[in-house]
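Undergrad: Residue numbers (the working numbering), protein chains in the order written: chain A, 1 to 81; chain B, 1001 to 1092; chain C, 2001 to 2091; chain D, 3001 to 3164.
It should be emphasised that the hints constitute simulated quantities derived from the structure, not laboratory data. There may be inaccurate statements among the hints.
With a cut-off of at most 27 Å between alpha-carbon atoms, the simulated DSS-like pairs for lysine-lysine come out as follows [unchecked claim]: (1) A:K78 - D:K3147; (2) B:K1079 - C:K2027; (3) D:K3039 - D:K3158; (4) A:K78 - D:K3039; (5) D:K3128 - A:K78; (6) D:K3008 - A:K48; (7) D:K3032 - D:K3128; (8) A:K78 - C:K2027; (9) C:K2089 - B:K1072; (10) D:K3159 - D:K3039; (11) B:K1072 - C:K2027; (12) D:K3039 - D:K3128; (13) D:K3128 - A:K48; (14) D:K3046 - D:K3032; (15) D:K3147 - D:K3046; (16) C:K2027 - B:K1078.
In case you want the letters, here they are:
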Amino acid sequence: MDIIEGVIGFIALLMVFRIFLTRSRARKLLYLCCLSFCISALIALYVKSPMGGIVAIIYFISSTLTSNAIAYTIEQVKDIE
Amino acid sequence: MEILLIVSGVCCILGGLGVILHTNPINKIIMLGLLNVGLIGMIVSSYYLDIAIISSICEPISTIILLLGYMKYLTTLKKKKKYGRDLPILSK
Amino acid sequence: MEYIEYLLYLGYVLLIIGTIGAIVGPKSNDRFIRLLNTEVATFGVCFIFLAYDEALALMTLIAVNAILCLILVRAIILNAEYEEETDTKIK
Amino acid sequence: MEILDIIKLIIAGIICWINFVLIDTYFGLPEKPGVLGAKTIGEKIKEIGGNLNGGYFMGNIVCSPDASAGTLLASIMNYLMGVKGGLIAALLVWIGNRLCADPGYAGTIGALTITLIIYLLHPIIGAKYFVGGMILAIFSIQGFEHKYASILLGKIAKKMNRGE
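The following block holds chain A by itself, in its conformation from the complex (with noise of 0.2 Å):
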């Protein structure tokens, strides 16, 4: 086992865990920031081809659109709540 993929994969068990035991909203959305960078990191080292990369950039930014759209929806629920 190569000594990369080793401390990343240990990072992301560790940011599941702190995900599904925390209990703000707000705070969710940073380890889940945290998680999608070690996955993209883990699809480009599996698939060593140019077309991996590819994958690798459209997974991250469609990821940062989600948490964007998720943000807004707390900042405009937290008033009617």
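With chain A fixed as given, assemble chains B, C and D onto it according to the hints.
TA: Coordinates of chains B, C and D only, in the frame set by chain A:
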């Protein structure tokens, strides 16, 4: 086993349990994003790269539809409750 | 364990969790929460398609699921508005 | 052999951390929330005892791909394609920035800077170590402990006259 398979499997199991166990809808939508991370990891680990691109483009569309629908639904519920409280005062 | 068996058992587990959660999950009286619980079963079907190498069916299911969300959410909102109208009319 | 790999990984992590924190602070991320979602994250960080400007910094990283995303994606494309991969990554990061309603200077300049650094250092430290180093750098800010990280980012922002 490969390291991507292990991370994706843990994401799927914890995401599926999290969607059921949380009760606030925004928490449920965040956990649905976690489940989608596991799906994309599994698709990539069996080398279907084109389907991975389609899946990661379709994820924000579905999430935005659910979030807009939740805001409209919440507004409707709250308006109904306030309207029902105001009505007897108006009728007197 | 082989790769295909790992994928297949994961799909079955998600399908069973999603179906039971949609019936007797916590606070499943609300219609929106029940819709979100049903999404888990959809991902289980995705994994089973992936295990049997049905690439075209997987792509079609993912694309149709986004449109299906739109229709169901619209139906839930219309139903809530309709119930509000009938309540006021009865009073 | 193992020791040498770990030392290279840590050095690459320190270089990536300095790169993206300096570029993001110079383009004024800690001053104001760029999009509406970053405001609620900053207020939540302040509520648990952190700094407000550091909270805006972390919120802006979550809500749009800035120099941190540029550093990671450019080092991935450098590992896979060589130098011309870095230029492709800079173009795609600019498109992603425009989708999230940002001006998009920080991401592009971060991607070009890390391409230059990898081109200068590649006989000593390969491009593969920068991918792992960027994960360590983002883990130390977003994942480890939010309170002390925001206080540290607030001090750096105050020293460079951005914010307060």
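Undergrad: Hint by hint, note whether the structure agrees.
TA: A quick look at each hint next to the structure:
1. A:K78 - D:K3147: holds, 23 Å
2. B:K1079 - C:K2027: holds, 21 Å
3. D:K3039 - D:K3158: The given pair, whose Cα atoms are some 19 Å apart, holds under the 27 Å limit.
4. A:K78 - D:K3039: Holds, because 12 Å separates the two Cα atoms, which is no more than 27 Å.
5. D:K3128 - A:K78: Violated. K3128 (chain D) to K78 (chain A) sits at ~43 Å, over the 27 Å cutoff.
6. D:K3008 - A:K48: holds, 21 Å
7. D:K3032 - D:K3128: With Cα atoms ~35 Å apart, K3032 (chain D) and K3128 (chain D) exceed 27 Å; violated.
8. A:K78 - C:K2027: Roughly 21 Å separates the two Cα atoms, so the pair holds.
9. C:K2089 - B:K1072: Satisfied, since the Cα-Cα distance of roughly 22 Å is no more than 27 Å.
10. D:K3159 - D:K3039: holds, 22 Å
11. B:K1072 - C:K2027: holds, 20 Å
12. D:K3039 - D:K3128: violated, 35 Å
13. D:K3128 - A:K48: The hint holds at about 12 Å.
14. D:K3046 - D:K3032: holds, 14 Å
15. D:K3147 - D:K3046: holds, 9 Å
16. C:K2027 - B:K1078: Given that 27 Å is the threshold and the Cα spacing comes to 18 Å, the pair holds.
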